[in-house]
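A.B. asks: Sequence:
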Amino acid sequence: MPIGFTFTYGGVGYTTCQMSTNGVLFFTNPTSQFSNTALTSITNSQGIYPLWDDLYVGPSGNPIPSTAVYATTGAPGSRIFVMQWTNWYSFGESFEVGTFNVVLYEGSNKIDIYYRNMLGASAQRGYGASATIGLVSSGGYVNQYSLNSPVATEGRLLTYTPAAGGNTPYSLSVQDVTPATAAAIPTYFLFAVTNPKQPLNLSANPGSPNATSATLTWSLGNNGVDPSNFTIRYSTSPSMAGFIETSAIAAPGQPYVLTGLTQGVTYYWQVVSRNATNYSTSTTSTFVQTPNTPPVAFAGSFTTQLDTSYSGTLVATDADNSPPSSGLIYSITTPPAHGSAVITNSATGAFTYTPTTGVSGATSFGFRAFDGTAFSNEAFISLNVISNLPPVVTLNGPSSVTLECFVDFYTELGATATDPEDGSRPVVISGTVDRTKVGVYTRTYTATDSEGATGTATRTINVVDTLPPVISAPSGILVPSAIGGLSERIFYSPTITASDRAQGNVAVHPYRTRRAPGSRSARPPSPAPPPTSTATPRRPHSMSSSSSCRNRPAPATWMSSASAAMLCLREPPVRSSTSTTPSSTTPAT
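Numbering-wise, numbering that gives the first Met the number 0 puts 109 at position 110 of the sequence shown, and it's gapless, one number per residue.
Derived by calculation from the structure, the hints in this document are not laboratory data. Ideal Cβ placement from N, Cα and C applies to all residues, glycine included. It cannot be assumed that every hint is accurate.
Derived DMTMM-like pairs: lysine to aspartate or glutamate, alpha-carbon spacing no greater than 20 Å straight-line [to be verified]: (1) 436 with 403; (2) 436 with 411; (3) 436 with 464; (4) 109 with 175; (5) 436 with 407; (6) 436 with 499; (7) 196 with 225.
Per label pair, the in silico range of CB-to-CB distance [claimed, not checked]: (8) 247 with 322: 41 to 49 Å; (9) 308 with 241: 42 to 50 Å; (10) 343 with 43: 41 to 49 Å; (11) 343 with 164: 23 to 31 Å; (12) 351 with 410: 43 to 51 Å; (13) 397 with 377: 45 to 53 Å; (14) 301 with 0: 40 to 48 Å; (15) 321 with 410: 54 to 62 Å; (16) 353 with 5: 23 to 31 Å.
Start from the sequences and build out the full structure, keeping to the hints where you can.
C.D. replies: See below:
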């Protein structure tokens, strides 16, 4: 069989290989020897021994439903070759041993051996109980994993990594692919187009408390032909040992209610799709016979640039978990039409999408979340690969400006724009600013590149009013008032007006202030007393634009207070009940 690329094994490059029905992939000196031994006794036949045993194609030599398939796929430099023994049987028994494959990796020269649908039904050869597993390469190198030991269990993955250049020695790592780890461990499974479509996304929903039944559902893959019926296999063993298989269920076969279950027990199960000659088996799923709420997956969208990968996180929740986003396993169920989406952390939903080189446009991929018992709905992530990024607009100066109403003028500082492909781009400014009205205004700066992509930035202008009104008093009279031994006179005018730059005319309220003898600060203002006829008006000698007054000659002029927009106008103390008019040269005390 052609490998499709040069695979370096034990330091030697190979482009072809040979497959044995007895579970061996040979590179040199293939043999038909069916009685397995330790690998040290067969070093002349170099190859990979995934399950060297006395195996058969189909039950008792009947080739149906067994299938041997191989394929090469991937981009040059990172291609893979898969050789798969599908639905292989034990010689002299009518029991299926299972499905297993060998994967060769271009470039890294790594080797995977993956055991799939290993049922243990054969008492003689179940799980490799009478098989030899390992590697034999040039120079007599042997790396034996097992001899006559039941270690080829359902979902087991052996990975052999060579030394530099595809040379010996090889290091071995062993992983078990379970529903909890499947999304994080890459595996390969070949499917013959004549086989019935493979059941996928197995989901179980146990009944209400104390129920002894569970509702089972699944979906079908795209490859193969439509099945005519299904069977359910279930067991309390992770390896599916001693499984029970239901009678045939006519298509579509679901939802199917599985009965006779025990509360609190963990069950492992498979779905087998069948037609007249062949069958396809799902991976093993599991559930605990307790009430369960399926998770809910949520759709999303993102944009990335041409030839640029995007990393994000899928989102799903489960009402049975705390917090709801915990305890879930994410998997991609529908791949994107172009590019590739890969789950990088199946527990958090982290993923990376890599677009196809030179391809832009919209696509999507679907995913589900699994809570250990049931799958969520399928949610889709919409992708948009754009051929260029929009311009980046940068403001000159601050992004927020404050103006005093009627006082300050707005000066436009402008902005600049740079596009990754086009370089500097012109900026169009929109939005108005009214310096005579209090409010918040926005100026928008927009740049467009040669392909129509736009970038924007905004500047906020706050027009505020913090200045007090201006008070006008064209005429008035002085009203005497004695408070605590301090004589004050209040300027009173019925025609006082006030205006504000921002608010126009505003109401005026007359106030007076007073201070104790010897004090320079005023107390809070209090309402002015009504005018009396016993006082003789005198020329005012002091005024203030705040809440305190200073005793010095000053013209009788009103000024607004910065804090209260009010006026204190005072003249010197009067020491007798008879008012006199002081000389203009008499200093105030």
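A.B. asks: The structure should be examined with respect to each hint, and the outcome stated for every one.
C.D. replies: Verification of the supplied hints:
Pair hint residue 436 plus residue 403 holds up; C-alpha atoms about 10 Å apart against a cutoff of 20 Å. About 18 Å separates the Cα atoms of residue 436 and residue 411, which keeps this hinted pair within 20 Å; it holds. At most 20 Å may separate the alpha-carbon atoms for a hinted pair to count; residue 436 and residue 464 meet this at roughly 9 Å. Among the hinted pairs, residue 109 with residue 175 is consistent with the structure: their alpha-carbon atoms are about 18 Å apart, no more than 20 Å.
In summary, the hint linking residue 436 to residue 407 is supported, as the alpha carbons are separated by about 12 Å, within the 20 Å threshold. Distance check on the hinted pair: residue 436 and residue 499 sit about 12 Å apart at the alpha-carbon level, within 20 Å; holds. For the proposed pair residue 196 and residue 225, the alpha carbon gap of about 6 Å is at most 20 Å, so the pair holds. In this structure the supplied range 41 to 49 Å holds for residue 247 paired with residue 322, their Cβ-Cβ distance being about 43 Å.
For residue 308 and residue 241, the Cβ-Cβ distance of about 46 Å falls inside the hinted range of 42 to 50 Å, so the restraint holds. The given range of 41 to 49 Å is respected by residue 343 and residue 43, whose C-beta atoms sit roughly 43 Å from each other. Residue 343 and residue 164 have their C-beta atoms about 29 Å apart, which keeps the hinted 23 to 31 Å range intact. Separation of residue 351 from residue 410 is about 47 Å and conforms to the stated range, judged on CB atoms against 43 to 51 Å.
Against the hinted window of 45 to 53 Å, the Cβ-Cβ separation of residue 397 and residue 377 comes to about 48 Å, which satisfies the hint. The given range of 40 to 48 Å is respected by residue 301 and residue 0, whose C-beta atoms sit roughly 42 Å from each other. Checked against the hint of 54 to 62 Å, the pair residue 321 and residue 410 passes, with Cβ atoms roughly 56 Å apart. With their beta carbons about 26 Å apart, residue 353 and residue 5 fall inside the hinted range of 23 to 31 Å.
Figure legend: structure checked against the earlier numbered hints; every hint is met.
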